[in-house]
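*Asks:* Given next are the chains, with one letter for each unit.
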Amino acid sequence: MQSHDKYRIALLSAYALALHGFEGILPTPIPWLRLGLANIITLTTLLLYGLRAAIMVTLIRVILGSLFTGTFLGPAFILSFGGGVTSTLAMGLVLSLMPKLFGPVGLSLIGALFHNIAQLLLAYVIFIQRIEAILLISPVIILIGTMTGSVNGAVSDLLIKNLKKTDEKDKNTQ
Amino acid sequence: MSSGLKGILTSTTKADRLLLFILILLSSSGTLFVKEVLPKGRTVQIEVDGQPAYVLPIERERTVLVKGPYGNTVIEIKNHKVRIIESPCPNKLCIQQGWIESGAIVCLPNRVVVIIGDSQRGTESLFDAVDAVT
Numbered sequence: 051m052q053s054h055d056k057y058r059i060a061l062l063s064a065y066a067l068a069l070h071g072f073e074g075i076l077p078t079p080i081p082w083l084r085l086g087l088a089n090i091i092t093l094t095t096l097l098l099y100g101l102r103a104a105i106m107v108t109l110i111r112v113i114l115g116s117l118f119t120g121t122f123l124g125p126a127f128i129l130s131f132g133g134g135v136t137s138t139l140a141m142g143l144v145l146s147l148m149p150k151l152f153g154p155v156g157l158s159l160i161g162a163l164f165h166n167i168a169q170l171l172l173a174y175v176i177f178i179q180r181i182e183a184i185l186l187i188s189p190v191i192i193l194i195g196t197m198t199g200s201v202n203g204a205v206s207d208l209l210i211k212n213l214k215k216t217d218e219k220d221k222n223t224q
Numbered sequence: 006m007s008s009g010l011k012g013i014l015t016s017t018t019k020a021d022r023l024l025l026f027i028l029i030l031l032s033s034s035g036t037l038f039v040k041e042v043l044p045k046g047r048t049v050q051i052e053v054d055g056q057p058a059y060v061l062p063i064e065r066e067r068t069v070l071v072k073g074p075y076g077n078t079v080i081e082i083k084n085h086k087v088r089i090i091e092s093p094c095p096n097k098l099c100i101q102q103g104w105i106e107s108g109a110i111v112c113l114p115n116r117v118v119v120i121i122g123d124s125q126r127g128t129e130s131l132f133d134a135v136d137a138v139t
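As given, the protein sequences belong to chains A and B, one line each in that order. Everything in the first sequence is counted per the numbering used here, starting at 51 for the first residue and increasing by one. Everything in the second sequence is counted per the numbering used here, starting at 6 for the first residue and increasing by one.
Bound-form chain A, shown alone:
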């Protein structure tokens, strides 16, 4: 990892953290709905710098984010941690197994899906041992996750293209 990359990972973590916090204060029609904006950054990191960097950005976001909101090691932290790590791992695994099959949108959808599944399972284990309640709410959550996931993937795609463009410009001017 070059120092240039390290600097970028630190910046990306800060962006992820900012988006994570911004999304927390954003009013949504349903209280538990989250847009998963931080996943834009996770996915971008994964595609540009690989799985290790993406995991790092996710861990930094989850841990610092929970420290800022005072939920560190609480149930909310466990949900956030489980969802974040699972989705990053799922995206990384799919990318390394089938590198050409999915673009950013597809990867983002996979990330959103696994984020939701992990959180639903954790919610079942931690909060409510009522499988019918989980089953009742799962399709709604996955549907919303699919919609936000596809938008996030598209944004990530744009971001990567623009970052690559500026990289090329930098190289040309140097």
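In case anyone wonders, no lab produced these hints; they're calculated from the structure. Don't take every hint at face value.
[What the hints assert, rightly or not] Quick list of in silico lysine-lysine cross-link-like pairs, DSS-like style, CA-CA up to 30 Å:
#1 A:K219 / A:K150
#2 A:K56 / A:K214
#3 B:K72 / B:K86
#4 A:K150 / A:K211
#5 A:K219 / A:K56
#6 A:K214 / B:K83
#7 B:K40 / B:K72
#8 A:K150 / B:K40
#9 B:K86 / A:K215
#10 A:K211 / B:K86
[As the list claims (entries may be wrong)] Covered by chain B, per the in silico footprint, the following chain A stretches (three or more residues, Cβ under 8 Å):
#11 155-163
#12 186-192
Don't be surprised by glycine CBs; every beta carbon is placed ideally from N, CA and C.
Keeping the supplied structure of chain A fixed, place chain B upon it in accordance with the hints.
*Replies:* Only chain B this time, still in chain A's reference frame:
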């Protein structure tokens, strides 16, 4: 921005679009049909003298005895149905009503009310739990 949107469309692979289609199809049909598939989470609520005495799941077989002003009323829950099998009231209308699957049995003399209601509690606590997380 138009070139950006075009860029998104051309940069999605066939697998991307297929995955999006499948996910939307599965989750929206799931949203529509999950209520039909699930067993209805109903409860039997028993009130004595206006005070709630028991809230029981209708799935579990059970016989409950409650004490009213006249004496003991015995309520039986079985096969997702409820009936009153013993009552000290003079006209025994509540016993004659037999098994019910929905609605209520009211024994006015002994002031016992048995209601079959939807239990929304599970879903509500789920919403609360997720709410506390955000």
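*Asks:* All the hints need checking, so say for each whether the structure fits it.
*Replies:* Structure-based check of each hint:
Annotation: proposed proximity of K219 of chain A to K150 of chain A holds, straight-line Cα distance about 26 Å (limit 30 Å). Under the criterion of a C-alpha separation no larger than 30 Å, the hint pairing K56 of chain A with K214 of chain A is consistent with the structure, at around 17 Å. Among the hinted pairs, K72 of chain B with K86 of chain B is consistent with the structure: their alpha-carbon atoms are about 21 Å apart, no more than 30 Å. About 17 Å separates the Cα atoms of K150 of chain A and K211 of chain A, which keeps this hinted pair within 30 Å; it holds.
As the CA atoms of K219 of chain A and K56 of chain A are separated by approximately 20 Å, the hinted pair is consistent with the 30 Å bound. Under the criterion of a C-alpha separation no larger than 30 Å, the hint pairing K214 of chain A with K83 of chain B is inconsistent with the structure, at around 68 Å. Proximity of K40 of chain B to K72 of chain B is assessed by CA-CA distance (about 37 Å); at most 30 Å being required, the pair is judged violated. Distance hint between K150 of chain A and K40 of chain B is unfulfilled; the C-alpha atoms sit about 39 Å from each other, more than 30 Å.
Only pairs whose Cα atoms come within 30 Å are accepted, and K86 of chain B paired with K215 of chain A is rejected, the gap being roughly 69 Å. This hinted pair does not check out: K211 of chain A and K86 of chain B have alpha carbons roughly 63 Å apart, beyond 30 Å. Residues of the stretch 155-163 of chain A lying with their CB closer than 8 Å to a CB of chain B number 5, which satisfies the three-residue condition for coverage. Evaluation of the coverage hint for the stretch 186-192 of chain A: fulfilled, as 6 residues show C-beta separations to chain B shorter than 8 Å, against a requirement of three.
Checked against the numbered hints given earlier, the structure breaks hints 6, 7, 8, 9, 10 and satisfies all the rest.
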